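Model the placement of chain B on the given structure of chain A, informed by the hints.
2 protein chains.
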Amino acid sequence: MLSKNQIKFVSSLQQKKFRIEYNLFIAEGNKIVKELLNSSLVVKQLYATSEFLVNERIESSIETFEINEKELARISALTNVNQVLAVCEIPNYIFDIEALQNKLTLVLDEIKDPGNLGTIIRIADWFGIENIICSTHTADIYNPKVVQSSMGSISRIKCHYLDLMTFFKETKLKPQQPIYGALLKGENIYTKSLTKNGFIVIGNESKGISESITEYVTDKISIPSFSYYKSNEGEAESLNAAIATSIICSEFRRRE
Amino acid sequence: MLSKNQIKFVSSLQQKKFRIEYNLFIAEGNKIVKELLNSSLVVKQLYATSEFLVNERIESSIETFEINEKELARISALTNVNQVLAVCEIPNYIFDIEALQNKLTLVLDEIKDPGNLGTIIRIADWFGIENIICSTHTADIYNPKVVQSSMGSISRIKCHYLDLMTFFKETKLKPQQPIYGALLKGENIYTKSLTKNGFIVIGNESKGISESITEYVTDKISIPSFSYYKSNEGEAESLNAAIATSIICSEFRRRE
Chain A
1 MLSKNQIKFV SSLQQKKFRI EYNLFIAEGN KIVKELLNSS LVVKQLYATS
51 EFLVNERIES SIETFEINEK ELARISALTN VNQVLAVCEI PNYIFDIEAL
101 QNKLTLVLDE IKDPGNLGTI IRIADWFGIE NIICSTHTAD IYNPKVVQSS
151 MGSISRIKCH YLDLMTFFKE TKLKPQQPIY GALLKGENIY TKSLTKNGFI
201 VIGNESKGIS ESITEYVTDK ISIPSFSYYK SNEGEAESLN AAIATSIICS
251 EFRRRE
Chain B
1 MLSKNQIKFV SSLQQKKFRI EYNLFIAEGN KIVKELLNSS LVVKQLYATS
51 EFLVNERIES SIETFEINEK ELARISALTN VNQVLAVCEI PNYIFDIEAL
101 QNKLTLVLDE IKDPGNLGTI IRIADWFGIE NIICSTHTAD IYNPKVVQSS
151 MGSISRIKCH YLDLMTFFKE TKLKPQQPIY GALLKGENIY TKSLTKNGFI
201 VIGNESKGIS ESITEYVTDK ISIPSFSYYK SNEGEAESLN AAIATSIICS
251 EFRRRE
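Chains as they are written, first to last, in the working numbering: chain A, 1 to 256; chain B, 1 to 256.
In isolation and in its complexed conformation, chain A is listed as follows (with noise of 0.2 Å):
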């Protein structure tokens, strides 16, 4: 049985504010939860079904209840309620520009959608990009639908806040890293030659880069349409943020 407490508790982290509070996120559902026990993530909590219970080994330094779908579905964020209902500390990755020379890694430029942002993650960790900065308007990686469009990635992808404009400006790493931009108008990206490491800019959804992060570019990308139809037509605009993510990580890594 749950109490009015537990379910006031867990209920409060599908809010922003009480995750930074108790530092603490959810994430739900068999596959994900699995993901967690066995990555570097702490779980606190387990809130599960006995069918999930039996079939797993969980630590004895978890505090876990066991509860029926029914309890399960008032403490759960989604829908469509699965077995299992994790509590997770946040961990405290530290900023280290320096172990980002060499790398690649992926700037958000205020990704707003929770989906759109949880595929970035596990198309980062698909293509072996460990670390994501976001600025400070993109989407909280830690609301339950972003950790679950992530798909358990989110255990193994370093994400870091931090203000763009600053992190610009007093980056200075040497040999300076090409800073790519994801823009309409830049160079054919299939026919660029591209770096092993750099930073890569993906912008918001529907305004793209920022025009003060524009300037920080140092090289201009496009993917060509193959659209049959001229603008005048109504050619398609513009992908979605989360497509042209995959696609331009995808050309980095097959030249390799």
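Heads up, some of the hints might be wrong.
One copy or any two copies: either way a pair holds, since identical chains are not told apart in the list.
[To be verified] With a Cα cut of at most 25 Å, we get these calculated DSS-like pairs of lysine-lysine:
1) Lys34 with Lys185
2) Lys207 with Lys34
3) Lys145 with Lys112
4) Lys31 with Lys207
5) Lys31 with Lys185
6) Lys220 with Lys103
If you're looking for bench data, these hints aren't it; they were derived computationally from the structure. All of these numbers come straight from a predicted model, not from anything done at the bench.
Just chain B now, kept in the frame of chain A:
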């Protein structure tokens, strides 16, 4: 003022059975509706605020209702209403297999998520793929969530719902077209030679391509992972179906 019957009628189009009964679907939002008004699709009714109508030249054949935002919210399928909702005719595209000769065509084997389907339609539009063949269990392209996430591309891409087994069994194009299948174990798409024509089969979000359809695949392709993690450390298992589609389409087109 909207009558009760109008509210009932427009809202009913959120359900597939009424879309079939009336042969109509709804689209919302300035950008999408403007694209539809300029497309070959037939817009039958517009429910719009004065703000929208003052800036648009609406053909007299379209039944137009000026309403306020509160009324719009009553017929909208969206959480945040926009200035306009359009009721459009479902087009009757004739499926001509000969027309697919020498072209790339996407085949969706049970894409269930409306957001994924809409995104895939947008990708097809960007990469000049005019036709999508959907299995009968794929989400309905006239579902409001699909229409929204396709961002207007729905007016340009022809989707055909077919029984895939029958289709592949009976398709006899000469010369034979390759049938590419996105599978977890296939040839590395980055190094495989790809044709300018054929079918690209994308599988269901969790089950992938069904076994019976895999039998017809002539060329198994995979997107390699560049993850730093090994599979026993919980490497990213797969990419989202729309993400995989975008990377595959990009690979086919960049070589042209």
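ask   = Among all the numbered hints in the text so far, which are the ones the structure does not match?
value = Nothing - there is no hint that the structure violates, so all of them hold.
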